[in-house]
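Undergrad: Build the full structure now, drawing on both the sequences and the hints.
Here is what each chain is made of, one letter per residue.
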Amino acid sequence: MARAKPKNTGVVEKKLIGVADTVITAAERSKDPTLSIPVRSLANVNFNEKRGLIEMGRRKQERTFFNVAMAKKFMQTVLVADALAELQRANLTTSLREIYYRTKHTMKSSHENTFDGQNESDPLIEDLEVALAALREELHVRAENAGSVVGPLVLNDDGDRVDCARLGKGGYSVPSIVEPEYIAIQRCTADFVLLVEKGTQWNRLSEDKFWRRYNCVLLTGNGQPPRGVRRLARRLHQEYKLPVYVLVDNDPWGYYIYSVVKQGSINLAFESERMAIPKAKFIGLSSADPDRYGLPRNVGIKLNDKDVSRAKELLKYRWFQKKEWQDEVKRMLASGLKYELDALANKDFRFLTKTYLPRKLKEQDWLD
Amino acid sequence: MSTVTVSAVEMGARQREISVSEFFTKNRHLLGFDNPRKALLTCVKEAVDNALDASEEAGILPEVVVKVDVVSSDGAAPPPASQATRFRVTVIDYGPGIVRQQIPPIFAKLLYGSKFHRLRMSRGQQGIGISAAGMYAQLTTGKPVQIISRTGARAAAHYFEVSIDTKKNEPRIFENKKIEWESHRGTQVTLEIEGRYQKGRSSVDEYLEQVAIANPHVKLVYHAPDGEVREYPRTIQELPPQPREIKPHPYGIEFGVLLRMLHDTKSHSLAGFLAADFSRVSHPLAVEICKTAKLSPDARPRNIHGSAAEALFKAIQATKIMAPSSNCISPIGEKAILHGLYKQITGEFYTAVTRPPAVYRGNPFVIEAGLAYGKGPDQVAAPEAPAVPLAEGEQEKDDSELARVIRYANRVPLLYQQSACATFKAVLETAWRNYGIAQSRGALPAGPMVVFVHMASVWVPFTSESKEAIADYDEIRKEIRLALQECGRRLGVFLRRRERAKSEFRRRNIFELYIEEVVEACARLKGGKLPKERLKSQLHKIAAKRTGGARTDEILGRNTGPEGLPHSIIVTPDGTEGEAPALPGTPGDVAPPEEPTPSEPPKARTEKSDVRPVAKAKSVQTKAAKRKPKAAKRTAKTAGRSPKAARRKTR
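Keeping their order, the protein sequence lines are chains S and U.
If you're matching positions, the first sequence starts at -19 in the numbering used here and goes up one per residue.
If you're matching positions, the second sequence starts at 14 in the numbering used here and goes up one per residue.
Since the hints were derived computationally from the structure, they do not count as laboratory data.
Please read these numbers as outputs of a predicted model, since none were measured by experiment.
Glycine included, each C-beta is placed from N, C-alpha and C at the ideal position.
Hints may be right or wrong, so weigh each one.
Dumping the calculated DSS-like pairs for lysine-lysine here, alpha-carbon to alpha-carbon at most 25 Å [said to hold, decoys possible]:
hint	chain 1	residue 1	chain 2	residue 2
1	U	K181	U	K156
2	U	K190	S	K88
3	S	K84	U	K545
4	S	K178	S	K310
5	S	K88	U	K554
Non-contacting residues of chain U with respect to chain S, defined by C-beta distances greater than 10 Å in every case (computed) [to be verified]:
hint	residue
6	S20
7	D87
8	E174
9	R559
TA: Below you can see the structure in the form of structure tokens.
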């Protein structure tokens, strides 16, 4: 566990103690203790077109104790709240998995465990984040460092100066908490941010020193970008007014990653405010690219049933209603093929760095 | 190239008749003497079947003593039972006895008996069994069969030593004298054979246990070769109804048989023959058959052959004739099956079904099925191994013991060739999952369960002479399936009810457990400044209100009998519900279970759980004695059930 910087404690801790108060007050009045938790599903998100953000709706779900279906979850929620309060008091940060272990034990006079797997405790932490309107960082919970950054960027991490231009090919691994209290951006001279879906392509660009030539910050999240990466991109975008371009595979999942970066995710809709980059641009791989860049049909992959149904879902999302986007997705469905970024290597190992991206940037060939 | 030519005359000289005895000496596996272990069982089985048939036919409640002793072949000390190769099998019954003249042919002539020519339900069918056992004895040890028989207190007891002349299939008498015998009536058969005694599946022990299940009106005493004495008491004090003899049904007759009957009949007219020699054929119906066959009803039966006979045969098949009457069959009955299962198998739930009579190939038959399910209240109540908290990815162990099928034909247990048997196939194809029992594809259902299937018929179609499996006729399989489905439905009801009771307990448990956790967590959240006991009791109060409090006990079904479950017994640690028999050793004047006797202190049952199959006569007695008092205790216990006691039960 890492020591966190002292900050406005009290507040979050009080919110957590509020969970206990709910139980105590309800018991005093012989009422069923109830926590109301905002619903985190597609049904409860609104797309704010004006701001270009996915926002959480008002629907809440009542989690009551004396209901067989919810009793265990209620009990687990209280246990997680207790563990989070403990973190606050000790001023430590920890991982989701450690929370799971901390709260796991066998209940008295039975052989039933409070938690059987981490998949039971993870959603409860998100529930508490939403219910208490406390960010994960404020709860002192961090995820794995699952992203890398390289480029003309100087950070200050725990007092250490990190110059992202001098970290070789590997770059700096983006921590899950990049709030100004933890990471300070000291200097940034880049012209734009390029967020790449795949680590392999990020490596290609990093190795080719693409960032130096085109003066940009290269970011990757190894798939769906974690909060840290999204938040860092957002900070660069906001604090240094850098445009953000997103480079993903040409498949429904790639489109969705872009939309998460741009508008925020359904699950974490309450964080869009802090994470989303409404002005982010989709630079590729577009379904029009194979034609435009002469990619042969045989490097495509046939869309499977899951891809097709996911694509159809995307078509229905309110934030995919722009005509260009409908055309983009429909073009992919019509071709019946998806393309990976790696497929560009079919033309040349350095096709991405030498031809594809320069041309894209020059032609300003992107989707908004 | 030299060829040895044999003339037809020479060949003719070699051709001669083969006696049945010679044939079966060479082919003894056809009669169930394939290996020493099975031979021992077959000998016991044949003798016991005969004893039971004779007693029942004479209207005497059967009482049979079976002794299997180890014999040392060369005068040395007898080896232990498991090592021995030679046994003396003695079966004593206190039935009607056998008249002197009939003793030698019955025991030393193959295909001699009273049962073959009658269409009547009995254990034996052909008249091969006991003489074949004698023949096997003769073949392996050279010892003749010893018989003592006495027909009444005034008659003398006769002692015979006979063996079979295999060439002629005739008895050879070695000894014939009058002796003193302590029994007033009955028969004793002694065979000395080569065999092997091994406990477990398809053993003599299992056979006798199963006989006791299907024949609760029989008193059986078994002296096992290892010196143990097992007594299977009688739980039903009346004989099953006497099956009647019937005439063949026209649908079940084959063409050749029809020709023979036409030739042998005493009737003078064709219509008269049809009406008199077949069941369910009235005179008008006989005339109608003749009309269909374009034959004169007054024709002489002897004169009908060739194409006329064929026309008659076809006419019979084309005419609608009532199904044969079923009073020629005496099913065991639901009550008796229940008693038999309850007596021999420990479980929590018993049920039995007797199907209405049905017909295959013109032979009436009745299918009965039964079920005994569960581990017995003793095992359920027994303390479980201390529960170990499960780690991630671990799961609770579940025992995947497969059900045991016990099969009967005319009350005789069938122990071999299970998978070839129609009953076994019917058990497999029944969808047990519908009734809450696990079942893998093409396998027996899984669970602590015994499935009982009985086929009663005037002629049980066996797949072989050794009578090991019932042939797979569609009509028979369908009836078995229907009976099993009914049993399954009842079991399903029982299991669901029990499941519901468990989940009610669980519901309450959940809150009890979770309240503990929530209170502790709240106390920690509040930094220890929390009156824990107060919060706990407040939450408990809400929980009790929410789960319906006293109503839960009611849902647990403590005070409801096996309603909607006919012919079933449910055993709980608190008592027995349903038509449970009073096992011998119980005082006759016990109070009915409904009567509250709160004064009686509930005491833990100390009975060992491994009494299945009933180990000793003595343990049967103790079991019976203990089973009763707890029934009365039920009400007392229900009233004062504490939530803690309740929890202990389900965990």
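Undergrad: None of the hints should be skipped; say for each whether it holds.
TA: For each hint, the structure was consulted:
1. Distance check on the hinted pair: K181(U) and K156(U) sit about 19 Å apart at the alpha-carbon level, within 25 Å; holds.
2. Between K190(U) and K88(S), the direct Cα distance comes to roughly 80 Å. Violation of the 25 Å bound is thereby established for this hinted pair.
3. For the given pair, K84(S) sits about 21 Å from K545(U) by alpha-carbon distance, which is consistent with the 25 Å threshold.
4. Taking the CA atoms of K178(S) and K310(S), the gap is near 24 Å; set against the 25 Å cutoff, the hint holds.
5. Of the supplied pair hints, the one linking K88(S) and K554(U) holds, its CA atoms being roughly 20 Å apart against a limit of 25 Å.
6. Separation of S20(U) from chain S is adequate, the least Cβ-Cβ distance of about 82 Å exceeding the 10 Å criterion.
7. Annotated as non-interface, D87(U) keeps its C-beta farther than 10 Å from every C-beta of chain S; the closest such distance is 61 Å.
8. A cut-off of 10 Å between C-beta atoms confirms that E174(U) is not in contact with chain S; the least separation is 68 Å.
9. Not every CB of chain S lies more than 10 Å from the CB of R559(U), the least distance being 4 Å, so the non-interface label is violated.
Hint compliance for this structure: hints 2, 9 are broken, all remaining hints hold.
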